[in-house]
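Let's have the full structure, built from the sequences with the hints guiding it.
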Amino acid sequence: MFMNKLPSCQFMGCGYGYCDKGACCNLFYSNRGPGLYLRHVPQVTPRRGSVLQYDHHRRYRRWGSSGPGWHRVMTFTGSESDYRYINIMGNRLRVVFSAAPLVNYDVNSITVDVLRDGYTVATDTVDWGATESSARKKRILEVEGGPGEYCIAVYASEIRDWKVTVWDYY
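If you read the sequence shown in this note's numbering, its first letter stands for residue 1, the second for the next number, and so on.
Heads up, a few of these hints could be off.
Stated by the list, open to error - Cross-link-like lysine to aspartate or glutamate pairs, in silico, EDC-like; alpha carbons within 20 Å at most:
#: 1; residue 1: Lys138; residue 2: Asp124
#: 2; residue 1: Lys163; residue 2: Asp117
#: 3; residue 1: Lys138; residue 2: Asp82
#: 4; residue 1: Lys138; residue 2: Asp161
#: 5; residue 1: Lys137; residue 2: Asp124
#: 6; residue 1: Lys137; residue 2: Asp82
#: 7; residue 1: Lys137; residue 2: Asp117
#: 8; residue 1: Lys138; residue 2: Asp117
#: 9; residue 1: Lys163; residue 2: Asp113
#: 10; residue 1: Lys138; residue 2: Asp127
#: 11; residue 1: Lys163; residue 2: Glu80
#: 12; residue 1: Lys163; residue 2: Asp82
#: 13; residue 1: Lys163; residue 2: Asp127
#: 14; residue 1: Lys138; residue 2: Glu158
#: 15; residue 1: Lys137; residue 2: Glu80
#: 16; residue 1: Lys137; residue 2: Asp106
#: 17; residue 1: Lys137; residue 2: Asp113
#: 18; residue 1: Lys137; residue 2: Asp127
#: 19; residue 1: Lys163; residue 2: Glu142
#: 20; residue 1: Lys138; residue 2: Glu80
#: 21; residue 1: Lys137; residue 2: Asp161
Said to hold, decoys possible - Pairwise CB distance ranges (calculated):
#: 22; residue 1: Ser109; residue 2: Val143; range: 15 to 25 Å
#: 23; residue 1: Tyr105; residue 2: Trp70; range: 35 to 45 Å
#: 24; residue 1: His71; residue 2: Arg139; range: 18 to 28 Å
#: 25; residue 1: Thr75; residue 2: Tyr155; range: 16 to 26 Å
#: 26; residue 1: Met74; residue 2: Thr123; range: 33 to 43 Å
#: 27; residue 1: Thr75; residue 2: Gly148; range: 15 to 25 Å
#: 28; residue 1: Asn87; residue 2: Arg139; range: 16 to 26 Å
Derived from the structure by calculation, the hints contain no laboratory data. C-beta: ideal position from N, C-alpha, C; glycine also.
As structure tokens, then:
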């Protein structure tokens, strides 16, 4: 199916691949159309004829793209406390969360923490007073911490539902 496979990233040089645990991602030609494609990289699904660049920071972009921007990493929802691990490719991440309280005439709150290596790098809390309107509230957290793994932790108390969306800037 594939033809004219190019050598691994050691041969191609910096900016064309990344060696991890003794294996390299390869650039290759495909009979799907003109252009180079990355192989063994499940996050990237090149369109027909597109050319992708893969640098040593595990960032993917289409050559000739208009530059960096916000890309959605994931969205998760719930009504109880929860957490998720995410991998960020860029130097900044944005966490957008919103929640609606239970109508119980009690204090309702939600706290969202962004953790890296076990340390909290950003946090925000939203509260509703006992007599406050049960309208949905939204907050945004931004972190400049570089690429890597982060944990998004949600602590919900008397919350009807919440939604968290994580964005990566690259």
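Results for each hint:
no.: 1; hint: Lys138 to Asp124; verdict: holds (11 Å)
no.: 2; hint: Lys163 to Asp117; verdict: violated (24 Å)
no.: 3; hint: Lys138 to Asp82; verdict: holds (18 Å)
no.: 4; hint: Lys138 to Asp161; verdict: holds (12 Å)
no.: 5; hint: Lys137 to Asp124; verdict: holds (12 Å)
no.: 6; hint: Lys137 to Asp82; verdict: holds (18 Å)
no.: 7; hint: Lys137 to Asp117; verdict: violated (29 Å)
no.: 8; hint: Lys138 to Asp117; verdict: violated (26 Å)
no.: 9; hint: Lys163 to Asp113; verdict: holds (14 Å)
no.: 10; hint: Lys138 to Asp127; verdict: holds (11 Å)
no.: 11; hint: Lys163 to Glu80; verdict: holds (11 Å)
no.: 12; hint: Lys163 to Asp82; verdict: holds (11 Å)
no.: 13; hint: Lys163 to Asp127; verdict: holds (15 Å)
no.: 14; hint: Lys138 to Glu158; verdict: holds (16 Å)
no.: 15; hint: Lys137 to Glu80; verdict: holds (17 Å)
no.: 16; hint: Lys137 to Asp106; verdict: holds (17 Å)
no.: 17; hint: Lys137 to Asp113; verdict: holds (17 Å)
no.: 18; hint: Lys137 to Asp127; verdict: holds (9 Å)
no.: 19; hint: Lys163 to Glu142; verdict: holds (16 Å)
no.: 20; hint: Lys138 to Glu80; verdict: holds (17 Å)
no.: 21; hint: Lys137 to Asp161; verdict: holds (11 Å)
no.: 22; hint: Ser109 to Val143: 15 to 25 Å; verdict: holds (21 Å)
no.: 23; hint: Tyr105 to Trp70: 35 to 45 Å; verdict: holds (39 Å)
no.: 24; hint: His71 to Arg139: 18 to 28 Å; verdict: holds (20 Å)
no.: 25; hint: Thr75 to Tyr155: 16 to 26 Å; verdict: holds (18 Å)
no.: 26; hint: Met74 to Thr123: 33 to 43 Å; verdict: violated (19 Å)
no.: 27; hint: Thr75 to Gly148: 15 to 25 Å; verdict: holds (20 Å)
no.: 28; hint: Asn87 to Arg139: 16 to 26 Å; verdict: holds (23 Å)
Consistency note: the structure conflicts with the earlier hints numbered 2, 7, 8, 26.
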